Amino acid sequence: MLNGRGEEMIVDLQAVCEIIEKHGYQKASLIGILQDIQAKMNYLPRKALVQVAKSLDIPLTHIYEVATFYKAFSLEPKGRHTIQVCLGTACHVRGGARVLNYLENRLDVKSGETTQNLSFTLENVNCLGACALGPMMVIDKKYYGKINPKKIESILEKYQ
Amino acid sequence: MGPPFKTISDLRKFRQILKKSRDGNKPCITICAGTGCQATGASEVVEGFRQQIKDLHLEEKIEVRASGCHGFCERGPLVVIRPQMICYMNVETKDVSQIINETALEGKIIDRLLYQDPLTQEKIVQEQDIPFYKFQQRVVFGSNGEIDPTRIDDYIAIGGYQGLEKVLSEMTPEKIIEVIKKSGLRGRGGGGFPTGVKWESCRNAKGKEKFVICNADEGDPGAYMDRSLLEGNPHRIIEGILIGAYAIGSEEGYVYVRNEYPLAVSNLTRAIDQAKEYGLLGRNILGSQLNFTLKINRGGGAFVCGESTALMASLEGRVGEPRAKYIHTVEHGLWDQPSNLNNVETWANIPIIINKGVDWYTSIGTQGSKGTKIFSLVGKINNTGLVEVPMGITLRQIVYDIGGGIPGGKRFKAIQTGGPSGGCIPESLLDLPVDFDRLQEAGSMMGSGGMIVMDEDNCMVDMARYFVQFLQEESCGKCTPCREGLQQMGEVLNRICEGNGRDEDMELLHDLSQVMMDTSLCGLGLTAPNPVLSTLQYFRDEYEAHIKEKKCPAKFCKELISLSINPEKCTGCTACVRVCPVEAIAGEKKKPHQLDGDKCVKCRACYEACKFDAITIQ
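Protein sequence lines, in the order shown, are assigned to chains A and B. The letter at position 53 of the first sequence is residue 54 when you use the numbering used here, and the numbering goes up by one with no holes. The letter at position 358 of the second sequence is residue 906 when you use the numbering used here, and the numbering goes up by one with no holes.
Treat the hints as calculated values from the structure; they're not laboratory data. The model shown is predicted, which means the values in this text are computed figures rather than measured ones. Even for Gly, the Cβ is constructed at its ideal location relative to N, Cα and C. Zero decoy hints are in this set.
One-sided and incomplete, this derived list gives chain A residues near chain B with beta-carbon spacing under 10 Å:
{"id": "1", "residue": "Lys28"}
{"id": "2", "residue": "Ser30"}
{"id": "3", "residue": "His63"}
Please construct the entire structure, taking both the sequences and the accompanying hints into account.
Have a look at this one:
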């Protein structure tokens, strides 16, 4: 796997093994293991997945199937900050799509993509469960409610 | 005689001691620290109170409690001062010292932080007198404000785990099932299947072992009651699951929580650890024959995993694809063993039914739907938040008495219930009593409890398109009718919204819907046409306007509108300039502005920002 600058990224296989150890070597632990790898490394490096396949004795294709089915996983490195824009119904009726459009223009990425400098990954999610405050977005688990372009600018400044 | 408790009487004695040690008259500042209030700064307010109480050495005199969600998320952060139940709204850190000095210490009321009734302008002091709360019946949700969800002692002190004590000491599993059946409790996740019947089938099914599962994969956009229950009162869910496990004969359970709910996961994880420490999970619970372990699984962000068979596949570490249900999960579920799955709110009802009894429970609700239901009342409504109401209340009462009507003097258009599987209910049906059967008759459904209010500015064809696109993205793709049907419906709705609709499109949408309802594999595909069919039924004129006249009556669909500024009304206040994301509006201050139609992306931000009605949409 190459990072944004085209360099080979180092994968800490020791950490991967520790995660597998913690969950136990059963197939049922797969999703939990992948979640922890994703949380630790910000994506699922191929080398890590090969290690998981070996340790759990399941085919790599099966892991690929799971890793691409669930939205929580990414096979590409993500940015240092993840911006999630809510497009749930409550946010939709209050203009959630407009927030996403604004951020897409502002960061020059489409939803699901990461900025060139690996600062931000922009995502849309279906509901963040804070519907009273729509439209809303979450940056690295911090919630921002009733946002508009002006607010977005001042929020983004904190993450530059 | 502390934990772990080896017998029921140990726990009872512990509760008595707890109750005695707690002074009901000691001032307690309760700050709502649910996700909604945290987004408006509740964590800082909690920290502010804790720090100042410490600095002033008032720890003995005043208690500070960060509680779960109170429901009125619109006005957060919410602060309630007990025992007088004085309720302050939109509290900021700068208000902290005044609240401590004046209200908590001297009992004086700070007028500016009170709720003001928008109709009468009257200020309201106590939480229970505020219209938003007054018309609710908060049976399940009410105790959120009384406890700190990170402290098991708080839950025990308000009578927590008494339901478990009762079933272990005086009820057989059969008796519990009979009680739940008689209570008329129906699944709160949306299906509405009688809970007691499900339990009985699972108890009677043959298998090596049995599993109980709590479905907390609350995926319906616009619904967040399960999150607030898990965050605000996790022990009640655990207690409900324990009672279910005992009735069904299960020794292992799972809670499947949405990946997007980190606070719920952390509060529940802590609660499970505490329950283990107190001897409420593990072997020979409270000295009985009951052995039970409970584990948490985080979802991977897939809507379809809310479907029971898909959820079980995900628990097994596979992709969350549903399977046909002619083999019931109560017989062959997780690991092919009998498995009983209920939703968070259903589990939360169980201890209440056990404690308060069938007669009390069945006195609430309608013939076919007993008890209360929590709804998230959101969208174009004044008082947004979580509301718990008795089944049978009318939509009008929810929207106007509790919700306070539509903001900005706009006209109510529709209310969407049941999430992507539900439908849009028009104004003419506002007097509909809300229960499982009435909503279904109206072409919608209860769903998990999202209620999204829409006003005249929302286009109903666009709403149908929104839900179809949502489901298209979330369809697992396993069965053809759902995968392809949604794709086709999406294309048809897209072209209608873009002004390229054809005369036969409405018919085509009907036909596609019929095929999907007849042939899809799981609930997602079977109910996916509901948003389309209900809007076709109640808002046919809007579809016709799009198709025949190429007009969007709500002036919402981008391709069918253009925006301009009325120079006679424009005061040059620059409000529109500031919100325009593409700098399409220019002009001098205090002089009428101009809008550049070529740059305009028709996002309507200016229209909503303008206080002088100067933005015209054609």
